[in-house]
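Protein chains in written order, with the working numbering: chain A, 20 to 433; chain B, 3 to 452.
Don't take each hint at face value.
Derived, one-sided and incomplete: chain A residues facing chain B with beta-carbon distance under 8 Å [unchecked claim]:
(1) 45
(2) 46
(3) 75
(4) 78
(5) 116
(6) 120
(7) 178
(8) 181
(9) 339
(10) 355
(11) 359
Hint data in this document are derived by calculation from the structure and do not stem from the laboratory. Beta carbons are placed, not taken as given, at the ideal position from N, Cα and C, and that holds for glycine.
Letter by letter, the chains look like this.
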Amino acid sequence: MLRTYILVFAFLIALWAAAPAQAHLTPNSEVQIDFGNDHIVADIIIPQGEYAFATGNAVVNAPQSHAAALRFLQRHMALTAPNGAAWQLQFSKVEFVQIAGPPDLHAIVRATPPSGQSARRFRIQWTAITSQVPSHSVLFVARQDFGGGKNSHHREMIGALQGERRVLDIDRGQTRPLAGFFAAVMLGMEHIAKGHDHLLFLIALLLPAPLLALTRRWQADVRSAKDSIWLIVKIATAFTLGHSATLIGAAFLGWQLPAQPVEIMIAVSIFISAIHAIRPLFPDREPVVALGFGLVHGLAFATVIGNYGLDMQEKALTILGFNIGIELVQLCVIAAIMPALLIFARQGYYARLRNILASIIAVAALAWLTERVIETANPVTKLLETVLVFAPYFVVIITITAIAVHFKRRVTTQ
Amino acid sequence: MAMRYKKIWLPVLVLAAFMVVVSLSGAWLSPRPARADNIKALAALKPGYGPVNYAAAIEAANQRLTLANERVARDPAQWPYQENLAYVHIAHYRLTGDYEHLMLAKSALDQGIKSAPKGSGPLLLRAALAVSRHDLPGVNADLAVYDGTAVPLSADEKSESIAISGDTDFYTGRYAASIQKYQSAAQVSENAGALFRMGRYYQKIGKPDLAIAKFVRAAQVQKDRTPQFLSSIWLQVGVIELERGNWDLAKTHFTRADKIFPGFWLTEAHLAQMLALDGDIKVAKQRYDQIIASSGSPEVMDALAALYRIEGNAVQSRTWSDRAGSIWTARLAQLPKAAYGHALDHELVFGDPVKALELARANYAARPHGDTAIMLGWALLANNKAPEARDLLEDLRASAWQSGQQYAALSEAYAMLNQAEKSEASREKALSINPKIFDPSAPMIWFGHH
Chain A
20 MLRTYILVFA FLIALWAAAP AQAHLTPNSE VQIDFGNDHI VADIIIPQGE YAFATGNAVV
80 NAPQSHAAAL RFLQRHMALT APNGAAWQLQ FSKVEFVQIA GPPDLHAIVR ATPPSGQSAR
140 RFRIQWTAIT SQVPSHSVLF VARQDFGGGK NSHHREMIGA LQGERRVLDI DRGQTRPLAG
200 FFAAVMLGME HIAKGHDHLL FLIALLLPAP LLALTRRWQA DVRSAKDSIW LIVKIATAFT
260 LGHSATLIGA AFLGWQLPAQ PVEIMIAVSI FISAIHAIRP LFPDREPVVA LGFGLVHGLA
320 FATVIGNYGL DMQEKALTIL GFNIGIELVQ LCVIAAIMPA LLIFARQGYY ARLRNILASI
380 IAVAALAWLT ERVIETANPV TKLLETVLVF APYFVVIITI TAIAVHFKRR VTTQ
Chain B
3 MAMRYKKIWL PVLVLAAFMV VVSLSGAWLS PRPARADNIK ALAALKPGYG PVNYAAAIEA
63 ANQRLTLANE RVARDPAQWP YQENLAYVHI AHYRLTGDYE HLMLAKSALD QGIKSAPKGS
123 GPLLLRAALA VSRHDLPGVN ADLAVYDGTA VPLSADEKSE SIAISGDTDF YTGRYAASIQ
183 KYQSAAQVSE NAGALFRMGR YYQKIGKPDL AIAKFVRAAQ VQKDRTPQFL SSIWLQVGVI
243 ELERGNWDLA KTHFTRADKI FPGFWLTEAH LAQMLALDGD IKVAKQRYDQ IIASSGSPEV
303 MDALAALYRI EGNAVQSRTW SDRAGSIWTA RLAQLPKAAY GHALDHELVF GDPVKALELA
363 RANYAARPHG DTAIMLGWAL LANNKAPEAR DLLEDLRASA WQSGQQYAAL SEAYAMLNQA
423 EKSEASREKA LSINPKIFDP SAPMIWFGHH
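Produce the entire structure from the sequences given, and follow the hints as far as they go.
The following block contains the structure:
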């Protein structure tokens, strides 16, 4: 009996030491660098606890603490050109702030190379925390580099320093003319193509475009193709003007709203547009509404590119490129669905078809709204994300069907 | 006109209500069905017998220890008495983590084998203990003698012997051989030992759901389920969720473990850590303080020191890390191989990176497998030896081992070597395994972060 008892538990002995040994992650620093034409801007994030642990300095938001942190950073950070000449460092912000997780020491420094030296090739000497705490590492990341064609959210690792490794050589290569502009175009295209909510908003506004409204109902009579296209052009243009305005405001005037309310307002805008497609809420004023909601959608776009570009020219080119990217995709979408829309609008069953599509969009809007309010994904939004990936195929099928309907009708008429 | 508007808004309101209900159900529906089924099956299991909490378990262990010592004192030449004494010491170690019990267990087993007729004695238990002490040489020799014993082995005995042999493969990086042996062991007898090992294997090769399924099956086949045993399964399942970034789910499982076997310092330490992750650092520190007072655990002292470090309290952090350090030093003297991993981690986070590297190399030499390779990788990085770390971690990547930590370390190695693309790729891989591995709060995880 005793032997059996021991045997039963023999495996426990081998497997359950009180607490298995394991490697532990330690809080590390990160330096995000924006590369400009003649200078760089480094956004330094050092875990506040690591700073206090390493230095013993106070970590309160008071002038003396900030001054001590500034002195510490100045002592432990230097940039030099390939010829050994020192860069000029100008700290614009030193603060203790909670960015994500535990609080951080946050500093922003503008670094300018000596006259005649490139802002794209330099050496960083860094000993802040890493020399005092050997397990601490600092990660250097390129955040934006307009000249190098990088202005997306995708982080780009440059290198890391830890312990005795204290020097990092950075060479971003030559600037390429308009690389940043084209990258912004691609970013705009990517963003709108993946931003199903923006596209559904647009489609919801387009659904009733060929129709006339009377006594709060959409009529079976349709506008002429020319009038329909003209209205669609006005809607698309108004939407573009709206989001461009807020993008410019965000980039140049610092307009910002927290992401959550903006995303909630976008969901509301889709819902209202979907209801409008079922019953006219603002007939003939779609362009005005598109302009207003475009302002809201622009605030969301601003979270993508609002901070890009270190000078006016870079910012302007980034916004222009991003908008062009958005417009290209919007035009593609309009061009893709327009033929089908104009053909189906002349069919007797269009009212039913429009109501079904608008109802689906309304459901999607409510799902997004709920997700964004309670900050929890739900099955409907997950399903939408899965299904909308295949949207181009649906458009092709609908267009082929519409063409078939059109030809059948012609044959029947003849 | 008013009627017409009512007609519009009524279905819209119904639709809206429907959407709210569907959306709220999302959180409830979120766990994948397979995982949910396993958790449901585990939740259905009830402990059978045994001490209902940690205090009762310690009391029972002490009583058994007194009795076992009396037996041995009466007739030291009886090897079953020595085996029993060893078992009781090991059970004590599992509760307290005190190395003294591991040493006394080893001593009793050596004495038992010495007293037993040649080719018999507590060989299986000594082999199992050797694995636990990270002392792999000699395990297979004991098993060979055990397998060749004149008395026919029962299916459970045979299974356990094969499984222990699989352990030596697992801890020397021969993963394919280890799983083959674990499967053979389970075929000989589907017992908790073989299934638990298979669970750990799948956990380490990046198949968490399969791992949970095996742990749950281990709990199901274990007929004499003690609260401590069942609690340990919940703890293990929680650790798997922790490793893939499901912190809330991990906390739920740790809470369950604590309910089943209350008062166990290791479970309490896991829960205290989850409080810290929730942002309640003050209470987490208080809990760690209480656990240290009752258990004297150096792991918890290190965890507390890490919390103070994250807060920036260097004085308190060093006070606790120094206290833990002196215990690790003593344990290194007692059982070096068993203590390497803990001591090197302590040195890596709080102490001397050069010393950490020495320990990491010794630890890896004793058990060259994924966990020790990752620790060696971090130690190499802390000592500016990124190329060696990269090579070691690339070798690990080529093996079956798959963990977020190994890719985090590999990403760091490539970053230090200015190989940005490879660093990014490794980072992405780490995030795909554990989306929260680079979360700023992740350094607060001290227990169960592999």
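Do the numbers back the hint for residue 355 of chain A, that is, is its least Cβ distance to chain B under 8 Å? Nearest chain B Cβ about 28 Å off; hint violated.
A closest beta-carbon separation below 8 Å is what the hint needs, so does residue 339 of chain A meet it against chain B? violated, 29 Å
Interface hint outcome for residue 178 of chain A [beta carbon to chain B under 8 Å]: With a minimum Cβ separation of about 5 Å from chain B (threshold 8 Å), the hint on residue 178 of chain A holds.
Could you check if residue 120 of chain A really has its C-beta closer than 8 Å to a C-beta on chain B? holds, 3 Å
Given residue 78 of chain A as an interface hint, is the shortest Cβ-Cβ distance to chain B below 8 Å? At 6 Å from the nearest chain B Cβ, residue 78 of chain A passes the 8 Å test, so the hint holds.
With chain B as the partner, please determine if residue 181 of chain A meets the hint condition of a C-beta pair closer than 8 Å. holds, 6 Å
Hint residue 46 of chain A vs chain B: min CB-CB distance below 8 Å? Hint holds; residue 46 of chain A Cβ to chain B Cβ min 5 Å, cut 8 Å.
Hey, does the residue 116 of chain A contact hint survive, CB to chain B under 8 Å? violated, 13 Å
So, residue 359 of chain A near chain B? Judge it on the closest CB pair being under 8 Å. Violated, because the Cβ-Cβ distance from residue 359 of chain A to chain B comes to roughly 26 Å (cut-off 8 Å).
Would you settle whether the hint for residue 45 of chain A is holds or violated, based on the nearest Cβ-Cβ distance to chain B being less than 8 Å? This interface hint holds because 5 Å falls under the 8 Å limit.
Go through the hint on residue 75 of chain A and say holds or violated, using the shortest Cβ distance to chain B against 8 Å. holds, 6 Å
Checked against the numbered hints given earlier, the structure breaks hints 5, 9, 10, 11 and satisfies all the rest.
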